[in-house]
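Trainee: Here is how the chains run, residue by residue.
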Amino acid sequence: MRLSRPARITLGTVTGLILLVIYLPLLVVFVNSFSTSTNLTWPPPGFTLEWWGKAFQNQGALDAIATSAQVAVLATAISLVLGTLVSLALQRHKFFGRDAVSLLVILPIALPGIVTGIALNNFFRTIIDVRLGLLTIVIAHATFCIVTVFNNVIARLRRMGTSLEEASADLGAGVWTTFRLVTFPQLRSALLAGGLLAFALSFDEIIVTTFTAGAGVTTLPIWILDNLFRPNQAPIVNVIAVVLVLVSIVPIYFAQRLAGAEQLQK
Amino acid sequence: MTTATPAIRLTGLTKTFGAVNAVDHLDLDIAEGEFFSMLGPSGSGKTTVLRLIAGFELPTSGTVELLGQDVTSRAPFDRDVNTVFQDYALFPHMSVLENVAYGLRVRGVPKKERLERATAALESVALGTFGSRKPSQLSGGQRQRVALARATVVQPKVLLLDEPLGALDLKLREQMQVELKELQRSLGITFIFVTHDQEEALTLSDRIAVFNNGRIEQLGTPAEIYEAPTSPFVASFVGTSNLFDETESQQLLGLSGVNSIRPEKITLGVKAAGISLPATITEVIYLGTSTRLLVELAGGKRLTVLEQNVSSRSTDDRRGDAVHASFAKADVVALQPA
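Residue numbers (the working numbering), protein chains in the order written: chain A, 10 to 275; chain B, 26 to 363.
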């Protein structure tokens with residue numbers, strides 16, 4: 010479609026403005042991580058690498074990153090297994106209450122985090138009497154991480170149809186062999202995309218985490234919130250934030266390339 | 026009924042989807058080594074019958090026997106039948122050779138043997154050098170042959186083919202028809218072939234079952250189906266027919282009941298012996314080897330006539346000519362009213 014010159018300029022300007030609103034604050038964080046000011050005054054009074062050095066020696070920050078990574082890996086693993094199983098059940102089988110189950114699986118991602126958080130907190134402490142800790146965060150995160158896996162896998166299953174699986178069964182493969190040799194290879198990129206999203210969701214989750222983490226378990230977002238307004242810690246928080254931005258570009262980049270490669274194959 | 030065990034025996038086979046009887050109390054024996062076609066319009070139940078034989082669907086009632094054994098409740102992987110799918114259903118993440126070897130692999134055939142057998146199967150469909158390619162790199166006709174090789178390499182007792190030539194262009198389809206027939210002769214196994222193409226069914230089959238509304242409308246050899254259709258549906262679905270309802274039969278043919286006559290049995294010319302009705306040519310359609318003419322009889326009844334183009338006269342514009350449409354009484358087929 011050809012656009013007139015004024016239309017092109019207007020649209021270009023709007024696009025530029027929106028990108029600016031999104032990325033300028035990130036740039037400020039980046040600049041502030043090199044600032045000599047400890048309370049984030051603008052413009053930065055001077056340039057220093059001090060915080061970058063300190064950040065990588067800050068045990069609290071490093072522990073928090075390790076905790077968050079651990080939670081995200083476990084929550085993603087649970088989501089991959091359960092998300093795939095529920096997708097297979099809903100897409101390949103008919104049973105009573107199928108639509109209800111489908112809705113109930115997707116719902117957690119739409120529920121306000123604060124509601125999920127309070128509900129799980131109550132449930133864990135007063136109903137089943139489990140001590141809050143790493144495990145309770147993992148379970149809480151898995152409730153909504155499943156959704157990203159589920160959405161990706163069920164879309165793939167729908168597109169794939171049943172004829173490949175029927176062909177496999179027809180040629181003598183049992184249910185498990187068919188899954189291993191035919192269904193799973195077809196799902197691989199959908200699982201990767203869903204898993205990357207699940208990992209990203211879990212890694213920066215703070216609301217539900219606040220309600221399901223016991224004392225002594227600090228994930229990275231909680232650590233950042235705790236330290237942002239402490240004297241002399243703000244620049245270190247900026248450093249960590251910059252590292253997180255850089256790290257989160259990687260999975261998004263791969264997820265995009267994956268999607269692009271599949272477009273080409275079609 | 027002969028004493029030989031049929032390759033496939035369907036007894037009282039019924040499949041309902043909701044309120045619809047997709048297959049309605051079907052009884053059918055298919056002999057060993059037979060090339061059997063199930064012909065019918067879409068929605069007539071022919072594909073459902075195939076899927077019931079393959080085991081992809083469970084019947085609502087009735088049984089499926091394979092060589093005398095009841096396999097009704099067995100899973101697809103537990104039946105000695107294989108399917109060539111309409112969309113080929115080749116595994117896109119595997120090479121052509123891996124696709125063909127798949128059935129042997131899941132049966133636990135050692136790697137060396139299964140690769141040898143798969144290679145031989147690929148060679149038998151003239152694709153020996155294509156083994157390392159991915160299915161997406163093949164043309165439609167080549168994929169079709171890979172699907173055939175993949176289904177036959179495991180030596181099934183019965184091969185099911187679900188409109189396998191539907192996606193191919195005409196030339197390729199005619200070539201594949203010949204190859205299918207040759208393959209069936211050389212393997213000596215039963216082929217059950219689903220198609221909505223009546224010409225394909227007539228060309229290939231030993232016997233044809235014409236399906237309509239989940240039932241077999243007529244069962245017979247291609248010649249029986251074509252020359253002696255028993256119902257108006259078969260008469261008009263298989264080839265073209267001129268149908269005469271009861272009043273028209275009475276007035277024009279002097280016969281009772283519903284009757285039909287094939288277009289190629291009618292000749293146009295001067296008044297002749299047998300049935301000879303005055304008519305006017307209203308349309309002339311040149312088809313290369315033949316010409317299709319539409320004529321209108323005195324009472325307004327229209328007939329389709331097919332003439333072989335044995336002389337160049339056939340290209341003449343004969344619209345408006347007054348002729349006689351003549352045919353032998355013996356060529357008129359009496360139908361059971363619908």
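Take these hints with a grain of salt, some might be off.
Here are the simulated distance ranges between beta carbons [claimed, not checked]: (1) B:Thr88 - A:Leu144: 52 to 62 Å; (2) B:Asp95 - A:Phe193: 48 to 58 Å; (3) A:Leu97 - B:Gly43: 20 to 30 Å; (4) A:Ala16 - B:Tyr311: 33 to 43 Å; (5) B:Arg158 - A:Gly225: 22 to 32 Å; (6) A:Pro194 - B:Leu212: 52 to 62 Å; (7) A:Gly69 - B:Ala100: 20 to 30 Å; (8) B:Lys137 - A:Leu144: 19 to 29 Å; (9) A:Phe193 - B:Asp112: 55 to 65 Å; (10) A:Phe193 - B:Thr88: 52 to 62 Å; (11) B:Leu212 - A:Arg189: 46 to 56 Å.
When the alpha-carbon atoms are kept at most 20 Å apart in a straight line, the in silico DMTMM-like pairs for lysine to aspartate or glutamate are as follows [said to hold, decoys possible]: (12) B:Lys296 - B:Asp231; (13) B:Lys182 - A:Glu175; (14) B:Lys182 - B:Glu249; (15) B:Lys182 - B:Glu199; (16) A:Lys103 - B:Glu82; (17) B:Lys159 - B:Asp95.
Since the hints were made in silico from the structure, they are not lab data. Treat the numbers as computed from the prediction; the structure is a model and nothing was measured. Every residue, glycine too, gets a C-beta built ideally from N, C-alpha and C.
Trainee: Looking back at the hints listed earlier, which ones does the structure fail to meet?
Mentor: 2, 4, 5, 6, 7, 8, 9, 10, 11, 12, 14, 15 and 17
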